[in-house]
Amino acid sequence: MTNSIGELEDAEVILVVGSNTTEQHPIIGERILAAVRKGAKLIVIDPRTIHLSSFAEVFLRPRPGSEVAYLNGLANVIISEGLEDRDFIASRTEGFEELKKAVAEYTPAKVEEISGIPAQDLVAAARLYAGADRASIVYCMGITQHTTGTDNVLALANLAMLTGNVGRPGTGVNPLRGQNNVQGACDMGGLPNVFTGYQRVDSEEAAAKFEAAWGVEGLSRKVGLTITEMTEKAAEGELRALFIMGENPMVSDPDINHVRQALEKLDFLAVADIMDNETLRYAHVALPAASFAEKDGTITNTERRVQRVRKAIEPVGEAKPDWEIVCAVARKMGASGFNFLSPEEVFEEIRKVTPSYAGITYARLGTRGLQWPCPAEDHPGTPILHAESFPIGKGRFTPCEFREPAELPDEEYPLTLTTGRLLFHYHTGTMTRRSPSLVREIDRAFVEVNPADAAELGIRDGDRVKVSSRRGVVEVDAKVTDKVGKGVIFMPFHFAEAAANLLTNSAFDPVSKIPELKVCAARIEK
Amino acid sequence: MVDNGKELSYRLVPSTCVYCGTGCGVLLEVMDGRVTGTLPQKDHPVSWGALCVKGWAVHEFVHSERRLTAPLVRSGGELKETDWDTALAAVAEGLSRVAKEHGPDAVGFFASARCTNEENYLLQKLARAVVGTNNVDHCARL
Numbered sequence: 001m002t003n004s005i006g007e008l009e010d011a012e013v014i015l016v017v018g019s020n021t022t023e024q025h026p027i028i029g030e031r032i033l034a035a036v037r038k039g040a041k042l043i044v045i046d047p048r049t050i051h052l053s054s055f056a057e058v059f060l061r062p063r064p065g066s067e068v069a070y071l072n073g074l075a076n077v078i079i080s081e082g083l084e085d086r087d088f089i090a091s092r093t094e095g096f097e098e099l100k101k102a103v104a105e106y107t108p109a110k111v112e113e114i115s116g117i118p119a120q121d122l123v124a125a126a127r128l129y130a131g132a133d134r135a136s137i138v139y140c141m142g143i144t145q146h147t148t149g150t151d152n153v154l155a156l157a158n159l160a161m162l163t164g165n166v167g168r169p170g171t172g173v174n175p176l177r178g179q180n181n182v183q184g185a186c187d188m189g190g191l192p193n194v195f196t197g198y199q200r201v202d203s204e205e206a207a208a209k210f211e212a213a214w215g216v217e218g219l220s221r222k223v224g225l226t227i228t229e230m231t232e233k234a235a236e237g238e239l240r241a242l243f244i245m246g247e248n249p250m251v252s253d254p255d256i257n258h259v260r261q262a263l264e265k266l267d268f269l270a271v272a273d274i275m276d277n278e279t280l281r282y283a284h285v286a287l288p289a290a291s292f293a294e295k296d297g298t299i300t301n302t303e304r305r306v307q308r309v310r311k312a313i314e315p316v317g318e319a320k321p322d323w324e325i326v327c328a329v330a331r332k333m334g335a336s337g338f339n340f341l342s343p344e345e346v347f348e349e350i351r352k353v354t355p356s357y358a359g360i361t362y363a364r365l366g367t368r369g370l371q372w373p374c375p376a377e378d379h380p381g382t383p384i385l386h387a388e389s390f391p392i393g394k395g396r397f398t399p400c401e402f403r404e405p406a407e408l409p410d411e412e413y414p415l416t417l418t419t420g421r422l423l424f425h426y427h428t429g430t431m432t433r434r435s436p437s438l439v440r441e442i443d444r445a446f447v448e449v450n451p452a453d454a455a456e457l458g459i460r461d462g463d464r465v466k467v468s469s470r471r472g473v474v475e476v477d478a479k480v481t482d483k484v485g486k487g488v489i490f491m492p493f494h495f496a497e498a499a500a501n502l503l504t505n506s507a508f509d510p511v512s513k514i515p516e517l518k519v520c521a522a523r524i525e526k
Numbered sequence: 527m528v529d530n531g532k533e534l535s536y537r538l539v540p541s542t543c544v545y546c547g548t549g550c551g552v553l554l555e556v557m558d559g560r561v562t563g564t565l566p567q568k569d570h571p572v573s574w575g576a577l578c579v580k581g582w583a584v585h586e587f588v589h590s591e592r593r594l595t596a597p598l599v600r601s602g603g604e605l606k607e608t609d610w611d612t613a614l615a616a617v618a619e620g621l622s623r624v625a626k627e628h629g630p631d632a633v634g635f636f637a638s639a640r641c642t643n644e645e646n647y648l649l650q651k652l653a654r655a656v657v658g659t660n661n662v663d664h665c666a667r668l
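Protein chains in written order, with the numbering used here: chain A, 1 to 526; chain B, 527 to 668.
Careful: at least some of the hints might be erroneous.
[What the hints assert, rightly or not] Simulated crosslink set (DSS-like; lysine-lysine; CA at most 27 Å straight-line): (1) A/K209 to B/K626; (2) A/K233 to B/K626; (3) A/K486 to A/K526; (4) A/K332 to B/K568; (5) B/K568 to A/K38; (6) A/K265 to A/K209; (7) B/K568 to A/K265; (8) A/K311 to B/K532; (9) A/K311 to A/K265; (10) B/K568 to A/K311; (11) A/K265 to B/K606; (12) B/K532 to A/K222.
If you are wondering where the hints come from, they were derived from the structure by calculation, not from laboratory data.
Using the sequences and the hints, build the whole thing.
Structure below.
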């Protein structure tokens, strides 16, 4: 997030797009509702009717995959009605003329044709967003899990810059991170192209810095493979060994049949996890990991707040914390530089090589944490990014062209399947489905079908149906509901026994490499 | 607290909820070496004393029967319990062998958005400094 969670309450307008906030980030959802109670106006854009929709001044329900079209459409209305922030554009940005030219053709009428959003609703949303002094954009995987995900995010950034909604309280472009430590795993260099703090592996300067810090020579300058690419290379037999720490790709990744073929082909697979899970079946070695209650450490939330987890109990059974496991493997491989006695010692090394974390210490974190960048021990942390300037100086408008999703409905697969999460469950369910009070709420997969489609197919609420795509088939209960529009079906992906990801498409965005989990072609039969 | 004349230990351990990326402040209730409950942290700058239904239940999976409690190594097609030293040696051997025979880029690492910063830091250090590959990624995209 460019801004902080608490500031949402101070926004005049909040644009929530591709985020079912009250289910996926309930406490942030609470903040949004608190803002509404204080008089903020809410714009919700989502292919499903969600809880927040009923509190929205304007609710738009586009066809999944039409994001760039309607976001460009909002920019089109803002510019054609002269609602842009000219001072901000002049002093803080570049490329406005190119953007203006690019969005000119995305008139409300054309956007209605592409997305199904009524033209007058799009105009109302644009006026509301641009008319506020402080408008905040909140988005999630409904924006990013598309083959146009990067363009979707850039189109959102264009809107914020166009209206000067950057760098002040209650503004910004605010992605909500799905997992407790997605932010931290990225910050720590758990990515194929960067070391900690986004220092690039193909930068000679950064690589030399880490060679000196780690006392090694010859670090690879070649950008590595993403998860989706590693799966591909494993299936092709080029990637032959894999170490998986705390992930369950056999439920979380798109096109699970393909993932299985890839894992089966590996010469060696090691998995460290807290739970027995679906991926373990393909492992040569499985290591029992300690849970968050059994270890010390830090995690970084969606607003860049570094916070502590603390050891409350001894590890269950013979489990060991992952930090100990990784160090032990490294030492067994003959490496030096892994003789840490505590996570705090590891954190001290992280601070030395990561400028944005340099000023953070365990002692300073206490029970409230600190937000990076925090470059020095007397620095208070940074709740709002880009207050004075952008990291690249001026913000650059990036024109984006609408492209269709990788797979469109056709005669054989006439429906559009979109996937997501539920309030009571979490990702692949390895934790929530072992949690009695959550299982009591819901423990069965389902598919939401619009009443018009259900009538055509002779499907009634509660019927057992087969949902299939070009990649697989699952059997689930039908929920007939107008939460989804005609032609669209929705499935949660938590349930391994009827895994939505057997159906999803692994086609991915060329830049972000995020798979298109939010759109694929599917059909339903009784 | 006293139970049947035996002293029971009870304490609250401040921590952070590990479900979504909001990062709400929790207090884990610990009684006699078991996590028995979760309470909200009242002065937390994100959650201010509130928790969602998952947050209130975040302790429930800790003592699940599905927890892995011993290292397992595959032999004769089945995963069988073994000791840590054997399991760690097998991992080191498996990764080293493939890196040696097919080059470091034939090895990959999945870091984790479910693990701590320290653990992710160490895993990418293992991949880059020990094995010699940048094939390290996590489920940020999923």
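Tell me, in ascending order, the numbers of any earlier hints that this structure violates. 4, 6, 7, 9, 12
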